[in-house]
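Visitor: All chains should be modelled from the sequences, with the hints used to inform the complete structure.
Chains A and B, in that order, are what the protein sequence lines are.
Position 29 of the first sequence, counting from 1, maps to 29 under this note's numbering, and the rest follow consecutively.
Position 9 of the second sequence, counting from 1, maps to 121 under this note's numbering, and the rest follow consecutively.
Hints were generated in silico from the structure; no laboratory data involved.
Take the hints with a grain of salt, since some may be wrong.
What the hints assert, rightly or not - Not the full set, but computed from the structure, chain B residues with beta-carbon under 10 Å of chain A:
#1 143
#2 160
#3 187
#4 202
#5 213
#6 214
#7 215
#8 223
#9 225
Ideal Cβ placement from N, Cα and C applies to all residues, glycine included.
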Amino acid sequence: DGGITQSPKYLFRKEGQNVTLSCEQNLNHDAMYWYRQDPGQGLRLIYYSQIVNDFQKGDIAEGYSVSREKKESFPLTVTSAQKNPTAFYLCASTRSPSGTQYFGPGTRLLVL
Amino acid sequence: SQQGEEDPQALSIQEGENATMNCSYKTSINNLQWYRQNSGRGLVHLILIRSNEREKHSGRLRVTLDTSKKSSSLLITASRAADTASYFCATDDSGGSNYKLTFGKGTLLTVNP
Numbered sequence: 001d002g003g004i005t006q007s008p009k010y011l012f013r014k015e016g017q018n019v020t021l022s023c024e025q026n027l028n029h030d031a032m033y034w035y036r037q038d039p040g041q042g043l044r045l046i047y048y049s050q051i052v053n054d055f056q057k058g059d060i061a062e063g064y065s066v067s068r069e070k071k072e073s074f075p076l077t078v079t080s081a082q083k084n085p086t087a088f089y090l091c092a093s094t095r096s097p098s099g100t101q102y103f104g105p106g107t108r109l110l111v112l
Numbered sequence: 113s114q115q116g117e118e119d120p121q122a123l124s125i126q127e128g129e130n131a132t133m134n135c136s137y138k139t140s141i142n143n144l145q146w147y148r149q150n151s152g153r154g155l156v157h158l159i160l161i162r163s164n165e166r167e168k169h170s171g172r173l174r175v176t177l178d179t180s181k182k183s184s185s186l187l188i189t190a191s192r193a194a195d196t197a198s199y200f201c202a203t204d205d206s207g208g209s210n211y212k213l214t215f216g217k218g219t220l221l222t223v224n225p
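Guide: Next up, the structure:
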């Protein structure tokens with residue numbers, strides 16, 4: 001099956017800990033995205049990558065980091081600098097600029 | 113800041129009725145998209161309308177776009193309980209990065225059986 005996967009489904013973070021959320025796609029898409037969604041809110045862009053080994057900050061990049069070493073993978077690290085990390089994190093990919101984005105099932109991050 | 117803003121924030125209707133949601137945006141766009149999100153899930157693309165199109169249909173969905181008013185509407189006809197979800201509009205910015213979409217806060221649609 002072609003698609004985009006995220007893991008884990010739920011993630012718990014302790015104070016001062018960095019955690020990494022996984023996002024993998026086998027759609028052969030060049031561009032990938034990370035969004036944060038808070039309850040009752042829309043999506044806010046954290047980082048995006050148009051091509052391997054390149055990425056740009058979105059609207060709320062502070063406290064997050066990404067890498068794009070492979071076309072299929074775009075992991076997001078939530079660092080200890082992100083003071084309010086509790087949210088639903090969504091990864092997406094697209095084949096073309098301004099085109100349809102395909103979303104993964106999401107990871108819910110909770111703070112212990 | 114949010115590019116797209118949906119209206120209303122929440123809508124509750126009976127099965128079989130039509131549901132209309134509106135979206136307003138601020139900048140010039142290449143296209144506007146509508147997505148659906150079931151509770152706790154990822155978003156699913158519904159329909160894309162280009163800036164030179166005024167209306168588009170897909171099954172029970174009808175989308176209109178008025179670029180002069182910077183607004184769009186999504187009509188779901190003959191609604192079903194399974195249509196219960198949040199609906200988001202998303203726009204690009206023709207003057208900025210074509211790879212970025214900006215999402216509104218969504219309309220929560222509840223269809224009562």
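Visitor: Please go over all the hints and tell whether each is borne out by the structure.
Guide: Evaluated hints:
no.: 1; hint: 143; in the structure: 6 Å, holds
no.: 2; hint: 160; in the structure: 6 Å, holds
no.: 3; hint: 187; in the structure: 20 Å, violated
no.: 4; hint: 202; in the structure: 8 Å, holds
no.: 5; hint: 213; in the structure: 6 Å, holds
no.: 6; hint: 214; in the structure: 8 Å, holds
no.: 7; hint: 215; in the structure: 4 Å, holds
no.: 8; hint: 223; in the structure: 19 Å, violated
no.: 9; hint: 225; in the structure: 24 Å, violated
When the structure is compared with the earlier hints, violations turn up for hints 3, 8, 9 and for no others.
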